[in-house]
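Asker: Chain by chain, the residues run as shown.
2 protein chains.
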Amino acid sequence: MCNTDCMAHNISFLLLSALAFLIPALPAGAKPSMGEVLSASKPSDWRPLDPANTLYVALPSGRIIIELNPGFAPLHVANIKSLVGARYFDGLPVLRVQDNYVAQWGDPENRHPIPSGVGKVAPEFDSPLPPHMAFTRLPDGDVYAPEVGFSDGFPVARSAKLHLTWLAHCYGMVGVGRDLDVESGSGAEMYVVIGHSPRHLDRNVALVGRVVKGMELLSGLPRGSLEMGFYAKEETPLPIKSMRLEADVPLPERTPLEALRTDTPTFAALIESRRNRPEKFFKVKAERIEVCNVPIPVRPRK
Amino acid sequence: MCNTDCMAHNISFLLLSALAFLIPALPAGAKPSMGEVLSASKPSDWRPLDPANTLYVALPSGRIIIELNPGFAPLHVANIKSLVGARYFDGLPVLRVQDNYVAQWGDPENRHPIPSGVGKVAPEFDSPLPPHMAFTRLPDGDVYAPEVGFSDGFPVARSAKLHLTWLAHCYGMVGVGRDLDVESGSGAEMYVVIGHSPRHLDRNVALVGRVVKGMELLSGLPRGSLEMGFYAKEETPLPIKSMRLEADVPLPERTPLEALRTDTPTFAALIESRRNRPEKFFKVKAERIEVCNVPIPVRPRK
Chain X
1 MCNTDCMAHN ISFLLLSALA FLIPALPAGA KPSMGEVLSA SKPSDWRPLD PANTLYVALP
61 SGRIIIELNP GFAPLHVANI KSLVGARYFD GLPVLRVQDN YVAQWGDPEN RHPIPSGVGK
121 VAPEFDSPLP PHMAFTRLPD GDVYAPEVGF SDGFPVARSA KLHLTWLAHC YGMVGVGRDL
181 DVESGSGAEM YVVIGHSPRH LDRNVALVGR VVKGMELLSG LPRGSLEMGF YAKEETPLPI
241 KSMRLEADVP LPERTPLEAL RTDTPTFAAL IESRRNRPEK FFKVKAERIE VCNVPIPVRP
301 RK
Chain E
1 MCNTDCMAHN ISFLLLSALA FLIPALPAGA KPSMGEVLSA SKPSDWRPLD PANTLYVALP
61 SGRIIIELNP GFAPLHVANI KSLVGARYFD GLPVLRVQDN YVAQWGDPEN RHPIPSGVGK
121 VAPEFDSPLP PHMAFTRLPD GDVYAPEVGF SDGFPVARSA KLHLTWLAHC YGMVGVGRDL
181 DVESGSGAEM YVVIGHSPRH LDRNVALVGR VVKGMELLSG LPRGSLEMGF YAKEETPLPI
241 KSMRLEADVP LPERTPLEAL RTDTPTFAAL IESRRNRPEK FFKVKAERIE VCNVPIPVRP
301 RK
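Chains as they are written, first to last, in our numbering: chain X, 1 to 302; chain E, 1 to 302.
Worth flagging that the hints you see were computed from the coordinates, not collected in a lab. Check each hint, because a few of them may be wrong.
Intra- or inter-copy, both count: the list cannot distinguish identical chains.
Said to hold, decoys possible - Derived DSBU-like pairs (lysine-lysine); straight-line CA-CA distance at most 30 Å:
hint, residue 1, residue 2
1, K31, K285
2, K120, K283
3, K161, K241
Since we're looking at a predicted model, the values are computed, not measured.
So here's chain X without its partners, still in its complex pose:
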């Protein structure tokens, strides 16, 4: 890890790389850093987040933005949209923050009525492998799944043998808590991964999205002192002020974002820049990367 002198070098380097588009070309043979890859990206390398699938979670400390992915768990995402539309989550607490695991919110005391039409849904923990799936495969394997990569901006695992695909429990992924019954996760309890990726949860719960902005508002919360990170009585849980779909928020109050597409040569170059970091700091290049270590850049929409 960089010490402070090294940071100073790196920060100058970042500033330089932000200007890289002004520089005619990289020296022959030099591999670009991630900063250089992003600076050289074209507008078409980015996709705007869809307001109909973008969720704003307002905490007293600021706005968390979640990109929902209805492709893998359409029924769960539909339930969440119904709950959000009924303002079900407004005022509910972040009731559990367990270190190196998850932050979770919900209504354990059943204070809010579940809107009609929201109920148990099929598990949606994995999906049949479609014949033509957008999939940028990582070359270095995975401990948990036969294949891993990216599909439409999300970390994905799949198995040709099982003919299945599923979202991977990487840092920042958002899932739906359930009881022992696999159909018991309605969407009324949601969690976000705030630690080392708990990939053993893959195929056991429905993942519905990813935090694309404001992750630090959850990961920096005090951990609950009780079993499993629940807050004790004297530890006041943070209330959720509101949850809204971006589409339902007036235009001037929106935070329009765009995410780097994961099906482009630019994203392939980004992966390569992280497999073999060209930065001088790295004396031994990993030459490999694990799916949850690949950043999926998101920025204000241009």
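For this one, chain X is given, so just place chain E on it according to the hints.
Answerer: Just chain E now, with coordinates in the frame of chain X:
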């Protein structure tokens, strides 16, 4: 992820499993959970932490305890002990908390003099593979290294081809920041991994230990708003009240801990209980585990 009803089941289950030593035997064929493995452990499955290699970091919010590992980075650990002995760290700030990465402390403004005898040391980023190494190998492979497992309570990677072994950058591991020069890490800047394991740092920096208690006091800190998680002027960094070796702390003020040995059948059973979780919640067993997802239990010394 468990919702709140499920938690209630699990917590009862944990309470039950804490009593498992009272229960004559598990049903034939039933695999024990981690709680059951720990409940059935013998005193000899545990090793006391060595006060000469146990570091107390006092923050205003409480005590963080680090187990130092001089086996992999003896010169760095010796430097840290000299710095701690000279009270070098007392009053220095946690100057950087970068989300999903590291918390780091040090003295970028050179306010504290470096004690004599503390200076640049050889890199110590990896070590020659010893002929008889205590090593509990994991069976499921690794994205970054040919072999991974545990040695004397630490997550370790190794390569027979390179004849090298090194500590792995898992959550909670403690390292020494350096500048671009590989010999520039004296120990005067230290960092702790607070996010998904940045294994690309393996073999590029000296890891010196692991946080065994109080991790949440670092991981729950507000993230710095500047580049790389540095704190802005108005964001007051937390001061380290003191850093002391346990051996230098009066007995009544110590927090004596013991860690589960990683070279026993009990630890092998723990690994198995996490590869194939017997808990009813898990409908699909991972049948695999990644090195940074294996817990290394630590408890008050009995």
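Asker: Tell me the numbers of any earlier hints that the structure contravenes, in ascending order.
Answerer: 3
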